[in-house]
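2 protein chains.
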Amino acid sequence: MSSVPLSRCCIHTITTRPLSLAAAVEIYRDAGFAGITVWRDALATAGIKESVRILALSGLKVVSLCRGGFFPATDEVDRRHALDDNRRAIDEAAAIGAPLVVLVCGAVPGMPLREARKQIEASIAALIPHARQAGVKLAIEPLHPMYADTRSAVVTVSQANDMVERLASPQVGVTIDVYHTWWDDRLESEIARSGRLGAIFSFHVCDWRTPLRDILNDRGLMGEGCIPVRQIRSWVERAGFDGMIEMEIFSNQYWQENQREFVSRIRSAFIEHV
Amino acid sequence: MSSVPLSRCCIHTITTRPLSLAAAVEIYRDAGFAGITVWRDALATAGIKESVRILALSGLKVVSLCRGGFFPATDEVDRRHALDDNRRAIDEAAAIGAPLVVLVCGAVPGMPLREARKQIEASIAALIPHARQAGVKLAIEPLHPMYADTRSAVVTVSQANDMVERLASPQVGVTIDVYHTWWDDRLESEIARSGRLGAIFSFHVCDWRTPLRDILNDRGLMGEGCIPVRQIRSWVERAGFDGMIEMEIFSNQYWQENQREFVSRIRSAFIEHV
Numbered sequence: 025m026s027s028v029p030l031s032r033c034c035i036h037t038i039t040t041r042p043l044s045l046a047a048a049v050e051i052y053r054d055a056g057f058a059g060i061t062v063w064r065d066a067l068a069t070a071g072i073k074e075s076v077r078i079l080a081l082s083g084l085k086v087v088s089l090c091r092g093g094f095f096p097a098t099d100e101v102d103r104r105h106a107l108d109d110n111r112r113a114i115d116e117a118a119a120i121g122a123p124l125v126v127l128v129c130g131a132v133p134g135m136p137l138r139e140a141r142k143q144i145e146a147s148i149a150a151l152i153p154h155a156r157q158a159g160v161k162l163a164i165e166p167l168h169p170m171y172a173d174t175r176s177a178v179v180t181v182s183q184a185n186d187m188v189e190r191l192a193s194p195q196v197g198v199t200i201d202v203y204h205t206w207w208d209d210r211l212e213s214e215i216a217r218s219g220r221l222g223a224i225f226s227f228h229v230c231d232w233r234t235p236l237r238d239i240l241n242d243r244g245l246m247g248e249g250c251i252p253v254r255q256i257r258s259w260v261e262r263a264g265f266d267g268m269i270e271m272e273i274f275s276n277q278y279w280q281e282n283q284r285e286f287v288s289r290i291r292s293a294f295i296e297h298v
Numbered sequence: 025m026s027s028v029p030l031s032r033c034c035i036h037t038i039t040t041r042p043l044s045l046a047a048a049v050e051i052y053r054d055a056g057f058a059g060i061t062v063w064r065d066a067l068a069t070a071g072i073k074e075s076v077r078i079l080a081l082s083g084l085k086v087v088s089l090c091r092g093g094f095f096p097a098t099d100e101v102d103r104r105h106a107l108d109d110n111r112r113a114i115d116e117a118a119a120i121g122a123p124l125v126v127l128v129c130g131a132v133p134g135m136p137l138r139e140a141r142k143q144i145e146a147s148i149a150a151l152i153p154h155a156r157q158a159g160v161k162l163a164i165e166p167l168h169p170m171y172a173d174t175r176s177a178v179v180t181v182s183q184a185n186d187m188v189e190r191l192a193s194p195q196v197g198v199t200i201d202v203y204h205t206w207w208d209d210r211l212e213s214e215i216a217r218s219g220r221l222g223a224i225f226s227f228h229v230c231d232w233r234t235p236l237r238d239i240l241n242d243r244g245l246m247g248e249g250c251i252p253v254r255q256i257r258s259w260v261e262r263a264g265f266d267g268m269i270e271m272e273i274f275s276n277q278y279w280q281e282n283q284r285e286f287v288s289r290i291r292s293a294f295i296e297h298v
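Top line first, the protein sequences correspond to chains A and B.
Numbered as in this note's numbering, the first sequence ends at 298 without a single skipped number.
Numbered as in this note's numbering, the second sequence ends at 298 without a single skipped number.
Check before you lean on any hint, since a few could be wrong.
Repeated chains share a single entry, so a pair holds when one copy, or any two copies, can fit it.
Unchecked claim - The calculated SDA-like cross-link candidates involving lysine to any residue, where the alpha carbons are at most 20 Å apart (straight line), are: (1) 142 / 212; (2) 142 / 210; (3) 142 / 209; (4) 142 / 107; (5) 142 / 219; (6) 73 / 281; (7) 142 / 242; (8) 142 / 102; (9) 85 / 107; (10) 73 / 222; (11) 142 / 296.
To be clear, the hints were calculated from the coordinates, so they are not data collected in a lab.
Could you put together the complete structure from these sequences and hints?
Pasting the structure below:
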């Protein structure tokens, strides 16, 4: 399988968290990347208006906004706040020209996961009209089961597909992230199912380092770990996905390094291992 | 649902790792626990002969030996060494009167999980005659997917059940551990399936703390986290399990505390939350 042209290479601003949006954009463009996924912290720091200007001049395609979600809550008021915040995220996405908001769906420690998923599904259903009006899609991103306590009650592509099927809206699909899903023996078949649903809205790559030094921020460059990234890409593409491939690498280690040099290593890892 | 009598309460020596086997046994008995699962490091430190004497005098029922497994390897020699080591574990179990060896099946970073599972299944098959002769059973313990890189390519009860079905030996069953499996939406139905296979050989409890401070050694006491321990116990019992309930709590924090006081807290947690 051949490597992916840089014209399909997208990077998440969180990957180079120490950089301002303006500096990030310049370095990504110099590296030859074609797309950018913007995290809300980067937007908040630069301000929406300035961000719009930076992104419009960047020559980079804005692929998505990360992230909405965190829907479940033990009381109605908090659930409404979450919905309001997600409507703001949708508006921000529309403002910067991002066609997609990625949803980290949320979980509450001690709330039964089934109940959390019910709340998640109801919340996404409630957002569909606003998303449609804004011309923005929503992607359910299943997270690794190690985040089932606080970050996502949706832990498999199967569960995300079930929701997509029931919500039955062209506005709602899934994000496949190799880090969260590589361990799953149903991954290939569930990716195929996402494809049949026309629901593969985005695809994230990085790698799983051994040993994992931090449960949150120790992602590896593609090729540094045990995830068969290229194989999973082949499944996603066989299922019809031909969009940008997004590099989302949280790493306490890499954030401490020179970010321009880091981006150059990312570029090589993309060419060699994706 | 009522609490479990202490006559079904078993504890793993690793839970009080700082204690010698002799000291552990005394404290467990004082707490009113009825069973003990012995880890091989405790055996190695005390020596088999002395361990046999300590356990015989303890009045505690030896529930299992932890742990065998770690089968997959990239070359034939290492796979043979793993089998030899597992035969020794079976012999040790027989020596101390443990009817069961729990298997942490293993994984090799970068080896496809499917290939690792093939090797695991072949290795268990190869051990069955030795286990039968020794009068020792083998339990496949699915581990949490966050350990799929190095500790276990078997990450769901579903996969363990599949193996049990194919191996079709009364010698081979599963261990259900709430920590490894609570996130799984198929857990209830797969526990029921294990029950139909007559294959629930053991049941481990602890809790999942939020935030998780260490990927290996930050397990909580039952009731300290988000796992519905009592609900999962009800599933296991509905599937026919009426054996000892084993407390297996690795914790850097708790190992630093006074172990007699810790055991007394474990006792309360067992009564209140299991």
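A quick look at each hint next to the structure:
1. Only between protomers do residue 142 and residue 212 lie at most 20 Å apart by alpha-carbon distance; the minimum there is 18 Å, versus 25 Å within a single protomer.
2. In this assembly of identical chains, residue 142 and residue 210 lie within 20 Å of each other by CA distance solely across copies; the values are 16 Å between and 22 Å within a copy.
3. For the homomeric pair residue 142 and residue 209, the shortest alpha-carbon distance between copies (13 Å) is at most 20 Å, but the shortest distance inside one copy (25 Å) is not.
4. Proximity of residue 142 and residue 107 under a CA criterion of 20 Å is satisfied intra-copy only: 15 Å inside one chain copy versus 46 Å between copies.
5. With identical chains, the CA atoms of residue 142 and residue 219 are never at most 20 Å apart, being 24 Å at best within one copy and 29 Å at best between copies.
6. In this homomeric assembly, residue 73 and residue 281 never come within 20 Å of each other (Cα to Cα): the closest approach is 29 Å inside a single copy and 54 Å across copies.
7. In the homo-oligomer, the alpha carbons of residue 142 and residue 242 never lie at most 20 Å apart, since the shortest distance is 31 Å inside one protomer and 30 Å across protomers.
8. In the homo-oligomer, the alpha carbons of residue 142 and residue 102 lie at most 20 Å apart inside one protomer (15 Å), although the nearest pairing across protomers, at 47 Å, exceeds that limit.
9. For the homomeric pair residue 85 and residue 107, neither the shortest alpha-carbon distance inside one copy (27 Å) nor that between copies (54 Å) is at most 20 Å.
10. In the homo-oligomer, the alpha carbons of residue 73 and residue 222 never lie at most 20 Å apart, since the shortest distance is 33 Å inside one protomer and 64 Å across protomers.
11. Taking CA atoms no more than 20 Å apart as the test, residue 142 paired with residue 296 passes in neither setting, with 41 Å inside one copy and 29 Å between copies.
The earlier numbered hints that this structure contradicts are 5, 6, 7, 9, 10 and 11.
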